[in-house]
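Student: The residues making up each chain are set out below.
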Amino acid sequence: MSGMANSTDTATVAPAPPRARATTGRRGNTLLRHVLIATVVGVVVVIATYQIEPFRNYQLATIGAYLCVLPGLILLTGFTGQISLGHGALMAAGAYTVALTPDLPFLFSLLAGVLVATVLGAVIGVAAARLHGPYLAGATLAVAVSVPAVTTTFDGLFGGDAGLTFAVSPAPASLGAYFPFERWQAWITLLGAAVVMLLLANLVRSRFGRTLRAVRDDEVAASLAGIHVGRVRVLAFVLSAAGAGLGGGMFALLAQSVSPGAYGLTLSLNLMLAIVLGGLGGLRGAVWGAIVLVALQPLADWATSGLDADPALQQRLEGTLPLAIFGAALIVVMTTAPGGLDALVTRALRRLRGARRSDPAAR
Amino acid sequence: MAPLLEVENLTCGYGPVEVLRNVSLSVERGSVLAVLGANGAGKTTLLRTLSGLIRPTAGRIVFDGADVRGVAVEKLVRRGIAHVPEGRGVVAELTVDENLRLGGLWRRDRADAQAALAEVYELFEPLARRRRSVGHQLSGGERQMLSVGRALVARPSLLLLDEPSLGLAPRVTAQILALLAQRCESTGLTVLLVEQNVRSALSIADHGVVLSVGEVAMSAPAARLKDDDDLRHAYLGF
Amino acid sequence: MDRFLFLTMDGVTRGTIYAAFALALVLIWRGTRVVNFAQGAMAVATVYIAYSVSGATGSYWLGFASALVGAALLGAVIELVVARRVHDAPPLNAIVVAIGLVLFLQAVLGMIYTNEYLAFPAPFSQNAVFAGVSPYDVFVFGVVVALLGVLTWLFTRTPLGLRMRASAFAPEVSRLLGVDVALMRTLGWVLAAVVGSLAALLVIPTELGLHPTAMDDVFVAAFTAAVVGGLDSPAGAVLGGLIVGVLLSYVGGYVRSDATPLAVLGLLVVVLLVRPGGLFAVPSARRV
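Chains as they are written, first to last, in numbering that gives the first Met the number 0: chain G, 0 to 362; chain A, 0 to 237; chain V, 0 to 287.
Warning: the hint list may mix true and false statements.
Said to hold, decoys possible - Beta-carbon label-pair distances, calculated as ranges:
1) V:113 / G:160: 53 to 59 Å
2) V:151 / A:16: 57 to 63 Å
3) A:138 / V:144: 37 to 43 Å
4) V:134 / G:55: 31 to 37 Å
5) G:311 / V:57: 51 to 57 Å
As the list claims (entries may be wrong) - Which stretches of chain V does chain A cover? Using the computed rule of at least three CB atoms under 8 Å from a CB of chain A, they are:
6) 164-170
7) 175-189
Everything labelled a hint here was simulated from the structure, so no lab data went into it.
Heads up, the beta-carbon is just placed ideally off N, CA and C, and yes, glycines get one too.
Make the full structure from the sequences, and use the hints.
Tutor: Structure, rendered in structure tokens:
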């Protein structure tokens with residue numbers, strides 16, 4: 000998946016003329032190239048899912064689920080400059096829809112979840128399009144903290160604090176009798192992520208992508224150039240909401256249950272953190288962000304178990320250390336390296352390439 | 000005696016764009032220097048550099064015998080440089096009295112700050128009548144009086160004045176400049192006046208410097224600038 | 000009727016706390032054009048200081064005082080180390096940094112104190128003695144009124160207050176007049192942190208208990224209060240706080256207590272869409 004978004008990067012660093020020229024030649028077959036990359040990455044991932052144990056597959060599936068949400072959020076924040084602290088609530092909309100329609104085939108309940116989140120996103124987006132900066136952040140924050148209130152106020156439908164559990168049909172028998180459920184989950188979420196990435200990668204390379212960036216960079220200039228700024232902002236919000244609905248449905252699939260605690264403020268803040276750490280400059284940041292979200296907890300567990308602390312302290316650290324690191328990382332990234340991980344990796348690669356190129360000259 | 004302000008080969012700009020190139024000028028103690036020039040000549044940038052808001056990339060600014068390049072904005076006023084910014088800079092949310100008091104807050108000598116405040120009220124009578132009015136209720140002329148008065152509360156030795164005529168009726172401008180000239184006369188205040196309105200600037204200036212696209216195009220006594228038609232046509236366009 | 004009176008009085012008491020917290024937000028917004036999304040987490044951190052000090056000394060008041068001192072330090076450190084760096088950046092950066100602070104502070108508090116609810120009792124009885132008003136309500140009311148008095152005096156009667164207001168409205172002009180605007184900004188954060196801490200000290204005993212995320216809902220309510228009153232207006236923040244407090248009390252009392260965050264959301268959305276500058280703003284005064 001990570002390779003697929005490569006093309007978006009060149010679009011966002013367009014000011015560098017040589018690279019920009021290089022991509023215009025390939026412009027005509029962007030879609031084809033993206034599909035090709037997606038296919039290659041897909042085949043590699045499918046093979047990989049056969050090689051790793053179920054727990055790793057589950058982690059892979061979680062990355063896939065995050066990858067359904069994060070690209071849309073990068074589109075929203077990185078490309079139009081809108082800040083949402085409430086996408087956890089939109090994910091909840093998708094997740095609860097899936098949980099409430101256990102009798103439908105999974106694909107249909109997933110689509111229903113996307114639809115519900117999209118409608119909700121449209122409502123919020125229309126309101127949000129008129130808001131800027133802190134006002135938008137505050138309003139979406141209010142949305143995020145009201146998730147538990149909704150589920151407990153309408154506990155007959157949503158099951159209150161305990162939430163809902165439901166059964167997901169196992170992998171089709173044609174895949175073999177001993178096909179692990181985790182592998183099946185990974186396939187589904189990664190397929191969803193691939194669809195999202197493909198659609199958005201093409202979108203940001205299109206005219207619409209340029210429109211989005213124009214709105215972010217200078218709203219007044221954009222509107223003078225004939226861009227309907229409000230409509231663009233709403234559209235970006237709706238797109239990101241659809242992604243959040245899909246991601247929420249995927250999370251429901253992973254847990255086979257939904258509860259307000261899983262979709263509260265923490266989730267919304269984690270999403271924001273993932274895109275900032277991953278990098279807001281291009282969709283590729285979503286991949287880094289998803290990996291960071293999934294990998295940091297095990298890393299922190301590993302680190303705390305390495306400490307020779309007493310068990311009580313260790314237990315306390317397990318829950319909090321990742322968040323502390325995340326929080327500190329957010330501050331450091333935003334004050335020193337606003338490009339996020341993606342920019343750091345790109346810079347490192349470029350330096351490596353540059354070093355290699357200059358080597359022969361030295362000789 | 001050495002000039003109060005000496006600027007040598009000052010160069011500065013925003014990023015790669017140089018707005019001022021090798022500007023040199025000096026202001027004698029107790030005199031009024033008018034810096035003239037068309038829109039975009041770099042007049043405002045010159046003032047902003049002198050008061051520390053912009054860091055020059057090269058050159059020297061010697062004020063009262065000391066190089067003040069790199070001295071923080073808020074410290075320069077303590078050394079005696081007061082800058083009345085373009086567009087008057089009245090804090091619209093504060094009252095006339097608060098605006099004026101703000102000008103003298105840094106002073107240790109509270110009694111003298113109080114006396115300076117009273118002098119300003121005396122000099123600009125309309126302000127005394129509007130003590131309690133909030134900045135945005137004032138007329139253009141009152142605002143100009145307020146920002147000049149506020150600078151005077153600091154008892155500066157050098158007053159940097161940016162486009163005092165902007166948006167004012169000629170009669171009001173003339174009134175304010177006359178009061179200022181009278182003040183210079185009585186206290187030995189030195190003024191660096193930036194103006195597009197050449198006529199009103201030269202009416203009180205001793206010396207004039209013409210800036211053209213960031214460089215000093217000419218420097219001459221005000222009387223000569225007023226009388227020499229060729230110079231006026233060439234640089235000042237009237 | 001009794002119930003109505005009770006709910007109204009309860010709402011007013013809560014409203015005064017929201018007002019104080021909203022004031023903290025307004026203080027920073029006016030000075031730096033930043034909404035401090037970390038205000039809640041910062042305030043909770045100081046209540047933990049009070050918890051520890053009170054626990055160690057047995058004195059509520061010693062804990063109370065140390066919380067305020069701790070808040071001043073925390074506000075100064077955060078402004079000097081973090082907030083200053085994003086001051087000229089786009090609003091997104093400031094918000095992200097604040098979110099980072101929230102996560103960091105809450106995690107550190109969890110590390111030290113665990114994520115359990117801790118008991119942080121009130122210094123006076125919370126049982127109503129007359130017309131639905133408890134001694135603690137009187138205390139809360141008194142503290143907030145005193146706070147408003149002190150802040151009003153500070154901003155309108157003292158040279159420091161004049162400097163702070165001028166720096167907030169016109170930073171460049173203020174610098175030209177010799178005001179150390181950077182220092183004023185730091186002081187603004189210090190003041191806001193102390194005010195926020197005070198609000199948290201007052202509100203936590205009325206909540207479930209002390210918890211790293213205890214102020215999240217209060218933050219949203221106070222943000223709403225500040226928006227209702229207009230983010231630029233301290234007086235508006237106070238009125239907004241009272242409006243939000245009373246509204247929440249009625250919704251909690253007559254509808255159901257779970258629904259109060261929805262009422263806040265509804266109020267916030269309506270105000271943002273209808274009067275984005277706040278109820279008391281001159282229409283079209285500013286773009287949101």
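Student: Indicate, hint by hint, whether the structure satisfies it.
Tutor: Hints, verified against the model:
At roughly 21 Å, the beta carbons of residue 113 of chain V and residue 160 of chain G sit outside the given window of 53 to 59 Å. Between residue 151 of chain V and residue 16 of chain A the C-beta distance comes to about 46 Å, which lies outside the given range of 57 to 63 Å. For the hinted restraint 37 to 43 Å between residue 138 of chain A and residue 144 of chain V, the CB-CB distance of approximately 39 Å keeps it satisfied. The supplied range of 31 to 37 Å is broken by residue 134 of chain V and residue 55 of chain G, whose beta-carbon atoms lie about 59 Å from each other.
Residue 311 of chain G and residue 57 of chain V have their C-beta atoms about 25 Å apart, which leaves the hinted 51 to 57 Å range violated. Here the stretch 164-170 of chain V counts 4 residues with a CB under 8 Å from a CB of chain A, which clears the bar of 3, and the coverage holds. For the stretch 175-189 of chain V, the stated coverage by chain A is satisfied: 6 residues place a CB nearer than 8 Å to a CB of that chain, which reaches the threshold of 3.
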